[in-house]
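Novice: Chain residues, written in single-letter form:
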Amino acid sequence: MKPALRVALLAASIAVLAAVALALKRSDVYLLTLYCVYLMATFGLNLTVGYAGQMSLGQAAFLGIGAYIAAILLKLGWPFLLVVPVAAVVCFVLGLVVGFPALRVQHHYLAFATLGFNVLVYLAMRNEEQITGGTFGISGIPRPTILGVDLGGHVAFYWFTLGSLVVLGLLLWWLLRSPWGRAFAALRDNPIRAESLGINITAYTLLAFAIGAACAGIGGVYFASLVEFIEPGPFHFSASLMMLLAVIVGGQGRFFGPVVGTVVIILVPELLRGSSAPWLKFMQVWYLAVFGVAVVLLMLWLPGGLLSIPERFARKAKPR
Amino acid sequence: MAELVQLVVSGIATGSIYALAGLGFTLLWQASGTINFAQGEFVMLPAFAMLFCVLAGMPLWVAVLVTCAAAMIVLGYGFKRAIVDPLIRHGVIPLVIATLGLAIALKTLVRAGYSAEAHQFGSPFPGGVFSVGGINVTYADVGTLLIAGVIVVALQAFVTRTLTGRAMQAVAQNTEAARVLGIDVKRMVLYTFLINAVLAVVAALLITPTYLAKFDMGESIGLKAFFAAIIGGFNQTRGALLGGVLIGILENLVGFYVSPAYKEGVALMLFLVVILIRPEGLLGKAEERKV
Numbered sequence: 027m028k029p030a031l032r033v034a035l036l037a038a039s040i041a042v043l044a045a046v047a048l049a050l051k052r053s054d055v056y057l058l059t060l061y062c063v064y065l066m067a068t069f070g071l072n073l074t075v076g077y078a079g080q081m082s083l084g085q086a087a088f089l090g091i092g093a094y095i096a097a098i099l100l101k102l103g104w105p106f107l108l109v110v111p112v113a114a115v116v117c118f119v120l121g122l123v124v125g126f127p128a129l130r131v132q133h134h135y136l137a138f139a140t141l142g143f144n145v146l147v148y149l150a151m152r153n154e155e156q157i158t159g160g161t162f163g164i165s166g167i168p169r170p171t172i173l174g175v176d177l178g179g180h181v182a183f184y185w186f187t188l189g190s191l192v193v194l195g196l197l198l199w200w201l202l203r204s205p206w207g208r209a210f211a212a213l214r215d216n217p218i219r220a221e222s223l224g225i226n227i228t229a230y231t232l233l234a235f236a237i238g239a240a241c242a243g244i245g246g247v248y249f250a251s252l253v254e255f256i257e258p259g260p261f262h263f264s265a266s267l268m269m270l271l272a273v274i275v276g277g278q279g280r281f282f283g284p285v286v287g288t289v290v291i292i293l294v295p296e297l298l299r300g301s302s303a304p305w306l307k308f309m310q311v312w313y314l315a316v317f318g319v320a321v322v323l324l325m326l327w328l329p330g331g332l333l334s335i336p337e338r339f340a341r342k343a344k345p346r
Numbered sequence: 024m025a026e027l028v029q030l031v032v033s034g035i036a037t038g039s040i041y042a043l044a045g046l047g048f049t050l051l052w053q054a055s056g057t058i059n060f061a062q063g064e065f066v067m068l069p070a071f072a073m074l075f076c077v078l079a080g081m082p083l084w085v086a087v088l089v090t091c092a093a094a095m096i097v098l099g100y101g102f103k104r105a106i107v108d109p110l111i112r113h114g115v116i117p118l119v120i121a122t123l124g125l126a127i128a129l130k131t132l133v134r135a136g137y138s139a140e141a142h143q144f145g146s147p148f149p150g151g152v153f154s155v156g157g158i159n160v161t162y163a164d165v166g167t168l169l170i171a172g173v174i175v176v177a178l179q180a181f182v183t184r185t186l187t188g189r190a191m192q193a194v195a196q197n198t199e200a201a202r203v204l205g206i207d208v209k210r211m212v213l214y215t216f217l218i219n220a221v222l223a224v225v226a227a228l229l230i231t232p233t234y235l236a237k238f239d240m241g242e243s244i245g246l247k248a249f250f251a252a253i254i255g256g257f258n259q260t261r262g263a264l265l266g267g268v269l270i271g272i273l274e275n276l277v278g279f280y281v282s283p284a285y286k287e288g289v290a291l292m293l294f295l296v297v298i299l300i301r302p303e304g305l306l307g308k309a310e311e312r313k314v
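Line by line, the protein sequences give chains A and B. Take 27 as the starting number for the first sequence in this note's numbering and just add one per residue. Take 24 as the starting number for the second sequence in this note's numbering and just add one per residue.
Calculated directly from the structure, the hints in this document are not laboratory data. The structure displayed is predicted, hence computed values, not measured ones. We treat Cβ as the ideally placed atom computed from N, Cα and C, and that holds for glycine. It is possible that some hints are incorrect.
Derived DEER-like restraints, expressed as beta-carbon distance ranges [claimed, not checked]:
(1) 281/B <-> 326/A: 38 to 46 angstroms
(2) 139/B <-> 304/A: 15 to 23 angstroms
(3) 139/B <-> 302/A: 15 to 23 angstroms
Looking from chain B toward chain A, a few residues come up when the C-beta cut is under 8 angstroms (computed) [claimed, not checked]:
(4) 110
(5) 124
(6) 246
Chain B is nowhere near these chain A residues, computed Cβ spacing over 12 angstroms in every case [said to hold, decoys possible]:
(7) 47
(8) 102
(9) 205
(10) 211
(11) 294
Bound conformation, chain B alone (with noise of 0.2 angstroms):
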């Protein structure tokens, strides 16, 4: 039984830096339509951003600062007026591909430019483990739900409580309208690619300790992200939370229960049983499409 509950409890903080990741991409789709298929590489350029800093000679928190602002200036705007703004008037498909391409670029490039190895990382926190009533926790596993939580909250505050998180929401339902309503749509839509950018930031500041640094660390949390995105409602913001930590914590009881080796797999599996039974997603609604 204690067995069970730490899986369940390591599995729900894995899952939380998945939604972290699915979130940002549930929150571009909804605001701009675009599928991001480099979001797993949006956490790992992060990652070696910030591996970069502490290698000279920062303090992880400073690096962090310094990642979430490039972050922002290369991920977020640069991405959006490079490749968004350009492809997103062609429709869906055009975008994908491009960001496929960009995906593929990116690890070259930082297979390439700088190593294919796996590089270590430090955890932003203590380790060891503290016991309560028999179950073992790690210090990281709490420190990852907490901040993962904090921004989570963080954001939810922002979306539903200030002006401009407003906005945003409006833009997201329904642009058009919102338009209408005087709402400067393109800013809108720039504040959630920024957004994304920090979201990716945080997801690799606590993944990598665990994943390490690696060129290719983006395609399974990428992967995760988009299945954690559909699983819980790909127009549902807490679609991507519920949807990250139900795959963390399958994961975590399916690598120990049943085989490890298919630990990977447990993220198709949900998603397919999802759209079999709710294809919309478990807190999606559904949509109609526009002739």
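The following block holds chain A by itself, in its conformation from the complex (with noise of 0.2 angstroms):
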């Protein structure tokens, strides 16, 4: 495909989304700007996880920091265009704290430290009852008005995040295209060439991981505005496995995998929550297992995600 013709399906695809919104019912408008969150963390994720080679645990961890600074901050009648970058500095800086001792090691570490972090958050979360709120959580989040215009209806809302989230998209991808991003994939792709290339691969991974956690201290500002109401639940570390698995599922390094694997972790399950064919009931029960199942049968026929499945497929066409 051209680029220009991608740039044009892109566009094309961004706006139908929008516009459907108003065709929407008001729960799946709630569901679709849901999707937009977690996308933002997601994308992050991929940063870390596609780019940087590096296994993430704990992006629930960061998503939830940003949803509390959120409610704190909003509660206290800040401005939502200040608290977003608030939370973004505060999940970049404990990126790098958590980070820093993991990938001073061995790389697989960073796995292990995020996972861990993730389950001090969560019960940090719990326990700290005069900051959060405890178990009963902060409830009563207002919705921003920026420049004027009131974003506390759902489609005013949803819009604001999807456009929020291509800007986000925009910057990664930029990111992405500009020196530092090209030396996330080589440290990826062969770490020992890149520094003898004279990349500093400690500094290079962490920053990634550190730029992953503050995508998904965005996603949480915006988590604590919609939901509007926020306990810890959903920042328990297997909510951090569900991202990571989004990621892979959907292509791990490839710039719209989250988009997909973020539909199976999202979408699908709410989807099936919601309905009430009896086949689906049983679905909802039995969902992830075989979730879980389709992870293992993936990383053994098609590791690299579900868009490698066009490759895969004009790979076979051509008789080698």
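Fit the two chains together into the complex; they arrive one by one in their own frames, and the hints show the way.
Specialist: Take a look at the structure:
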């Protein structure tokens, strides 16, 4: 496909996504907004996993930190557009703090460090009641008014989230095309060669991880504002696991991998929950089991993720 | 003072269970480069298997034997053949992802197929407490330590004293050289998977009376197993033992003197401190990277 055609196609699909909200039920628009929020986090995670080649199992913790920061600051009356960078910076710095010791050693240690970090953050959310409200959470989080435009309505907030997601996506796209982004890919593909070419691999990996964390923090701000109520539940480490698997299922290191993967972890289970057909009821209970088995099979037969299917066919069609 | 000693003793007992799970984790890593993120679920499944056997009317020791056999077939041989063998060629990450998927699948299977509740699980030891010099110790703690100790000593003896055990060590240290020396590497790797399955069953037997049999019990014990292995040194079998016991003791102390709410976070803290100060783990040896 020609680049111009691609851009046009992408713009058209975003326009369709935006327009479709007018025809949908309120709950479906909510679901689409939630999808966009998680997509912010998984886009960031894809940078860590797909481009820098690191396993992070703490993305939900960063999403949660962003959400709690947003809940507290928005209730204090801070403007939304100020809360977003605050959440991003806090998550970025925390990412550096968690990532530094782990990445200094060996790369799979990041998976363990982030996993433990997520457990700790979850405990803090549940136990530090003065700040987080404990298991009761924080309710009554306001939706923003920006430049005099009230974003309290479900469609308006959806458009705002979708727009923000597109901006975030463009920023990440630009980052990956920059020399920095190329360095990320270089250190994933051959860390030792990258190092010999003068790339400080630890610094770059750490940076990729921290930027990924910051994206989740931004997503968290939108999450808090969308749901208007937060509690520790959605930030349990099993949610981190699902986000990681979303990136892998979609196709790690493919820019649009998370777009596909997040459908599988957010939209499908929510739609199943909302439906009442008997066989779908059955799937509500068994969905995660099917998903888990599917991940194993995917690794066995299609390690490149769902987005690698066209390439797989292309390769099969061409006789070698 | 008596309080402190009591906390340490019961910490060592709990820690020795973490150590067993961590030991299996380390063995798999050494022999085959497998990082098994489903290790916690490998403890959860035998717990339910034993529960079923007991509910079906078997005495506990029969249930343990039956579960051991089943675990060796399914979690040892089956796991290796179906998941590890095809994936290990592609490096660490695909296997990590696959075991993550497996962990989710196993948890959901138990929750959806059996129950989401926590189930009582009879302790293999008599209840009650005895006193030694003013320190109260439960029979369960002593029994746990005894069983864990016997298992570890037996394993150590097997690995260092028998020909098969030494061959397994050779494979763990240098697979290529072991192959050149005519050791059946595949068979040795299979043995490690079988041993891992048995260790998981023993860990399940010891921990389930306190943790209760629940579909998500593996999350916590799996996490402790990973951290025990890394804290002690990923490439040292003894490391997992030290790491597990340290986590067990510190958890008890933090739970009692600081806050029970943050007990679960102790392992992470210890892990972060250790890798900052001694990245290769307390007993580990630094590894060099291969180009």
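Novice: Each hint: holds or not?
Specialist: Quick rundown of the hints versus the structure:
Between residue 281/B and residue 326/A the beta carbon distance is about 45 angstroms. The supplied range of 38 to 46 angstroms therefore holds. Distance hint check: the CB atoms of residue 139/B and residue 304/A are about 21 angstroms apart, consistent with the given range 15 to 23 angstroms. A hinted range of 15 to 23 angstroms for the beta carbons of residue 139/B and residue 302/A is consistent with their spacing of about 22 angstroms. The closest approach between the C-beta of residue 110/B and any C-beta of chain A is roughly 6 angstroms, which is under the 8 angstroms cut-off, so the hint is satisfied.
Proximity of residue 124/B to chain A holds as hinted, the smallest CB-CB distance being about 3 angstroms (cut-off 8 angstroms). For residue 246/B, the interface hint holds, the least distance from its beta-carbon to any beta-carbon of chain A being 7 angstroms, beneath 8 angstroms. With a closest Cβ-Cβ approach of about 32 angstroms to chain B, residue 47/A is found to remain outside the 12 angstroms limit, as its non-interface label requires. Residue-level check passed: residue 102/A sits 26 angstroms from the nearest beta carbon of chain B, beyond 12 angstroms.
With a closest Cβ-Cβ approach of about 24 angstroms to chain B, residue 205/A is found to remain outside the 12 angstroms limit, as its non-interface label requires. Remark: the non-interface label on residue 211/A is consistent with the geometry, its nearest Cβ contact in chain B lying 16 angstroms away (cut-off 12 angstroms). At roughly 14 angstroms from the closest C-beta of chain B, the C-beta of residue 294/A stays outside 12 angstroms, upholding its exclusion from the interface.
In this structure, every one of the numbered hints holds.
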